[in-house]
Amino acid sequence: MTIKVIGFARSTNTLRVISCLNELGIPYQLEPPADFAAIKKDDYLAKKHPFGKIPVLYDGDYKISESRAICRYLVSKYQGKYNNTILIPHDVHEAGLVDQFIFYESFYYEPVVAKIIIHEIVLKTPESEIAKRALKDLDKVLGVYDKLLEGKEYLNGEFSLADLFHYPCAHFIYSSHADLWDKRPNVKKWLNRLRNRDAWKASLEKKNKL
Amino acid sequence: MPIKLIGYAQSLPTRRVILTLNELGLSYELEAVTEIHTIKTDDFLANKHAFGKIPVLCDGDFTINESRAICRYLVSKYQKDAKIVLIPDDINKVSLIEQYISYELSYFDPPLTKILLQEVFNKRRGEPIDEAIVKQAREEIEKVLDVYEKILVGKDYLNGEYSLADLFHFPCAHYICTDTQQGDIFDTRPNVKRWLDNLRNRDAYKKTYAE
Numbered sequence: 120m121t122i123k124v125i126g127f128a129r130s131t132n133t134l135r136v137i138s139c140l141n142e143l144g145i146p147y148q149l150e151p152p153a154d155f156a157a158i159k160k161d162d163y164l165a166k167k168h169p170f171g172k173i174p175v176l177y178d179g180d181y182k183i184s185e186s187r188a189i190c191r192y193l194v195s196k197y198q199g200k201y202n203n204t205i206l207i208p209h210d211v212h213e214a215g216l217v218d219q220f221i222f223y224e225s226f227y228y229e230p231v232v233a234k235i236i237i238h239e240i241v242l243k244t245p246e247s248e249i250a251k252r253a254l255k256d257l258d259k260v261l262g263v264y265d266k267l268l269e270g271k272e273y274l275n276g277e278f279s280l281a282d283l284f285h286y287p288c289a290h291f292i293y294s295s296h297a298d299l300w301d302k303r304p305n306v307k308k309w310l311n312r313l314r315n316r317d318a319w320k321a322s323l324e325k326k327n328k329l
Numbered sequence: 002m003p004i005k006l007i008g009y010a011q012s013l014p015t016r017r018v019i020l021t022l023n024e025l026g027l028s029y030e031l032e033a034v035t036e037i038h039t040i041k042t043d044d045f046l047a048n049k050h051a052f053g054k055i056p057v058l059c060d061g062d063f064t065i066n067e068s069r070a071i072c073r074y075l076v077s078k079y080q081k082d083a084k085i086v087l088i089p090d091d092i093n094k095v096s097l098i099e100q101y102i103s104y105e106l107s108y109f110d111p112p113l114t115k116i117l118l119q120e121v122f123n124k125r126r127g128e129p130i131d132e133a134i135v136k137q138a139r140e141e142i143e144k145v146l147d148v149y150e151k152i153l154v155g156k157d158y159l160n161g162e163y164s165l166a167d168l169f170h171f172p173c174a175h176y177i178c179t180d181t182q183q184g185d186i187f188d189t190r191p192n193v194k195r196w197l198d199n200l201r202n203r204d205a206y207k208k209t210y211a212e
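Each protein sequence line maps, in turn, to chains A and B.
Quick note: the first sequence uses this note's numbering, first residue 120, plus one each step.
Quick note: the second sequence uses this note's numbering, first residue 2, plus one each step.
Next comes chain A alone, as it looks inside the complex (with noise of 0.2 Å):
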């Protein structure tokens, strides 16, 4: 039986884990709910999520929400099955780094990110001052990304998980944004990677067809 992902294209955290399936090679189908509404009624909070987000995955009878979560499930369960990308490498120390590296996504970028797609593009008020405070924390977090990616391809070096959970983000504020990290080296080169992967071309043709 096929994985089935319930989620929305276009949404970060359903593109994380499309991201993640495509980089696996893991075949899927893609089942968006109606509209946002949708999510909040009460069958949708009983039987999927009972905080009505996206995505839910469904790998035949077991379910498992939250983006983070599913993809390291998809990892445990079946990297290494359909080609040979390792997204969270065996060894226990630079297990523990990807990790370090994915909570730095957590709390130190994705909220300050979140926070400018909503204004920007979400409610439109871009001149907003939590907007604005907003791009001064990114650019104060890129700042500490540059120094991390010295000297690296990747932010362990090479290409992990806490890589692939950083792109979704960035690609909806880059275009209007793009003097902020391309000021960068290292994080424009890393960008760039992660822009040209097969993997994240493959979800984006997903998020335009749908």
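Since the hints were derived computationally from the structure, they do not count as laboratory data.
Built from N, CA and C at the ideal position, the CB exists for glycine as well.
Worth double-checking, as some hints may not be accurate.
[Unchecked claim] Derived coverage of chain A by chain B (criterion: at least 3 residues anywhere in the stretch with Cβ under 8 Å from a Cβ of chain B; other residues may be distant):
| id | region |
| --- | --- |
| 1 | 192-199 |
| 2 | 203-215 |
[Claimed, not checked] Taking lysine-lysine and the PhoX-like style, the derived pairs with C-alpha atoms no more than 25 Å apart in a straight line are:
| id | chain 1 | residue 1 | chain 2 | residue 2 |
| --- | --- | --- | --- | --- |
| 3 | B | LYS144 | A | LYS259 |
| 4 | B | LYS144 | A | LYS159 |
| 5 | A | LYS182 | B | LYS156 |
| 6 | B | LYS41 | A | LYS160 |
| 7 | B | LYS115 | A | LYS166 |
| 8 | B | LYS208 | A | LYS123 |
| 9 | B | LYS115 | A | LYS234 |
| 10 | B | LYS151 | A | LYS159 |
| 11 | B | LYS151 | A | LYS166 |
| 12 | A | LYS123 | A | LYS159 |
| 13 | B | LYS94 | A | LYS167 |
| 14 | B | LYS144 | A | LYS182 |
| 15 | B | LYS41 | A | LYS255 |
| 16 | B | LYS41 | A | LYS271 |
| 17 | B | LYS156 | A | LYS251 |
| 18 | A | LYS182 | B | LYS151 |
Here the structure of chain A is known, so what remains is to put chain B in place on it, guided by the hints.
For chain B alone, kept in the frame of chain A given last:
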């Protein structure tokens, strides 16, 4: 070489790691950080934590930060020698534990942290408590705890058996109970109350909070 933990024993993320060390029966040295400026030096940022945060764990030559990453690393490396299972082998069970860990990060921690910032940290700094923020955060966490109350029906722990997901939730919840006026949010929900009581009665928790 013993494990070294750089942190502050009363800080929530440090407690998370100490709980895990104690559950796994691991000995460690705590290098207490008492002044913020020591974790913002160039050396600390370059070699310990790029964003200048604690805790940081040094295991021989290996350095890792971010409390939840540290805990997962400790479990991966040392669980096989311990008498406890914090992350089981079964992929499906592990992944649901990861889902609950994500719930903790996304839905449980944020409103509780807002309350702590107001009622504990602002108070400590002699700044006024913004009651509107406390009220809004309380409304938010009440809805989250209604979900947890259902998740915990017929269960002592989130995924049935005790796991790292339960441990991750405890430091924040406990701090709300001991140091704020909002502890009733847990006590008025029998399944949530039972869950937290189960946790605080575990030997590792008693040991952690006695220190």
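Of the numbered hints stated previously, which ones are contradicted by the structure, given in increasing order?
3, 6, 7, 8, 17
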